[in-house]
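Quick mapping for you: the protein sequence lines, in order, are chains P and Z. Sequential numbering of the first sequence, starting at -15, is according to this note's numbering. Sequential numbering of the second sequence, starting at 1368, is according to this note's numbering.
You may find that some hints are simply not true.
[What the hints assert, rightly or not] Okay, derived cross-link-like pairs now, EDC-like style, lysine to aspartate or glutamate, Cα gap no bigger than 20 Å in a straight line:
1) P:Lys104 with P:Glu157
2) P:Lys54 with Z:Glu1402
3) P:Lys112 with Z:Asp1388
4) P:Lys15 with Z:Glu1394
5) Z:Lys1576 with P:Glu73
6) P:Lys79 with Z:Glu1402
Treat the hints as calculated values from the structure; they're not laboratory data.
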Amino acid sequence: MLIMDKIRFLLVCSVLFICHSTQAQKFTVEKSTVIFFSKATVEDIKADNTKLASIFNTSSGEVAFSIPIKDFEFEKALMKEHFNEKYLETEKFAKATFQGKLLGYSANATGVQPVSAIGKLTIHGITKEVTIEGTLENVDGKINAKSKFNVKLEDYKIKIPQLLWQNIAEQVEVTIDITYKPL
Amino acid sequence: MRFIFILFFSMGCTIALCQDDLLSELEQADKPSKEFVIATFKGTRLVNGQSVEVKSNGQLEFIFAHRFGRINDGIYELFGLDQAFVRIGLEYGLTDRLGFGVGRNSVDKTMDAFLRYKVLRQSTGPKAFPVTVTAFGNMAIRTSPRKEDAAFDITLEDRVSYTGQLLIARKFTRSLSLQLMPTIVHKNTVDRRIENNDQVALGVGGRVKVSRSVALTSEYYYRFNVPTKNPYYNSFGLGVDIETGGHVFQLVISNTRGLTERAFITETTGDFFSGDLHLGFNVTRTFQLKKKSK
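Start from the sequences, fold in the hints, and give me the full structure.
Listed below in C-alpha cells is the structure:
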C-alpha cells in the first residue's frame, strides 16, 4: 500500500511536470489588430479592434481566439451603434470566437510559414466549421501571425435591411495581425 | 490489477486536465468590465419632446419636424394636410455627453437654443448603474406677434421662455425603454388669469421595438397646478420610429402642433379624446463632421 502511494505520488509529480512544460509552450497575445472591411457601392466601411485575446499552444497546434465585438472602432459613431445594436446584436452575442488547430507550424523554422487553421468560427451566435489560411513567423522568441479571409454575412445570419444593401457588402474582409509572446 | 487500473485512470485524468479547452481558458482570464448601455432610444426626440440620447462628439443632426393640421378639420382641409407647422433644427455633439442645438418652429415663429448633458449613464457589469439621466435646458423666443401688431407694448423680455428638464430613462430589455421627464417651464410674461409664470409638469414615455429598425413610441406630459380657467390640454403623442442608416423617420400622431417645450407642454390646444389630432413626422439625418481619431 505504501509503495503504491509512493508510485502514485511520483506519477502525479511527473504528470504535473508534463503539464507545466506544455504550459511553457503556450503563447498569448502581446499586440493584435483585427480589421474588417466592407466594400460597397455607396460607402466603404472599415473598423478595427485591438482587444483580441488568443492562446496558441505550439506543441499541440491548438489555437483559440476571442474578439469582443463592442471594441470594434468605426469612423462614425452611428456605424458603431448600428453594428452593435442591429447587426451583431452585441448585447446577446458579446464575442466572436475561433477554436481549432493550426496546421503547418514549426517552432524551429525560420522565415514566413504558410499555415491553415481548421476549426469552429462563431460569430453572432452561429458556429461554422472553417479553414482559414494565414502565415506565421518566428521572430526573436515571439510569433507573428497574419491572416486575411472573407466572412459571408449570410452564413452567420447577419441580416442587412433591403434599404441598406448598397451600403453594406454581402461579405466582409477580415484581416488579423497578432504578435504572440510566450505565456 | 487494481494498481494498474488506478494508474491508468489517474493518468487519463491528468492528461485530460493538461489538454484543457483553450477557449474556456481565455474566458476565465477575461474579467467582466463595466459596459454602458447603448441605443436606449433611436432618436433625440421621443415623440414631441426630448429623449436622453445625445449626439456623439462631432455628430451633427439635422432635424426636420412637421405637424399637419387637425385630422377632424375634415375633407375641406384634407384632414389637416392643407396646413403645416414646421420646426427646422440642428444639434451638434460637442463631446460624447454634451450637445448643443438650435431651431425654429413656425408655431408663434419661435427660435430656440438648447444644451443637453448626459449626467449619468446606465451600465452593466461591476458598479452597474440602473438609469441614464440627461439634463436638458432651453431658451425660446417667440417672434410673433410683431411689435406693431401686439395688443400691448411688447418687449423682447416678454417673448422669452425657459425650460429645464431632467430626462431619466432605463432600457429594461433590448426592446423596452421607459423615460420620466420632470419639467419646469418658465414664461416671462403670461396672462395670469389662465396660467402661471412657472409651470411644472411630469412627462412619461417609452418605446417598444417591434423589429430591428422599427419601434413604437409614446409620450404624455401631465401638468401640475393648472388654473381652472386654463384652456390648454396635457400633450399626448404616439409614434412609429423607422431607422434606415443615418436617417430616423418618426411618424407621429399627437394633440399638439408645437415643437418647442413651451408650446407643446404648456400650450397644447387639442383635446386628444375629441379627435383634435395632428399627424406629423420628425425626420433626422446625422452627419459625422469629426472623424474618430485612431
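Quick rundown of the hints versus the structure:
At most 20 Å may separate the alpha-carbon atoms for a hinted pair to count; Lys104 (chain P) and Glu157 (chain P) meet this at roughly 18 Å. The straight-line distance between the Cα atoms of Lys54 (chain P) and Glu1402 (chain Z) is roughly 9 Å, inside the 20 Å bound, and the hint therefore holds. For a cut-off of 20 Å, the pair hint linking Lys112 (chain P) to Asp1388 (chain Z) stands: about 18 Å separates their Cα positions. The suggested pairing of Lys15 (chain P) with Glu1394 (chain Z) holds, with an alpha-carbon distance near 18 Å, which does not exceed 20 Å.
With a CA separation close to 14 Å, the supplied pair Lys1576 (chain Z) and Glu73 (chain P) stays within the 20 Å bound. Under the criterion of a C-alpha separation no larger than 20 Å, the hint pairing Lys79 (chain P) with Glu1402 (chain Z) is consistent with the structure, at around 14 Å.
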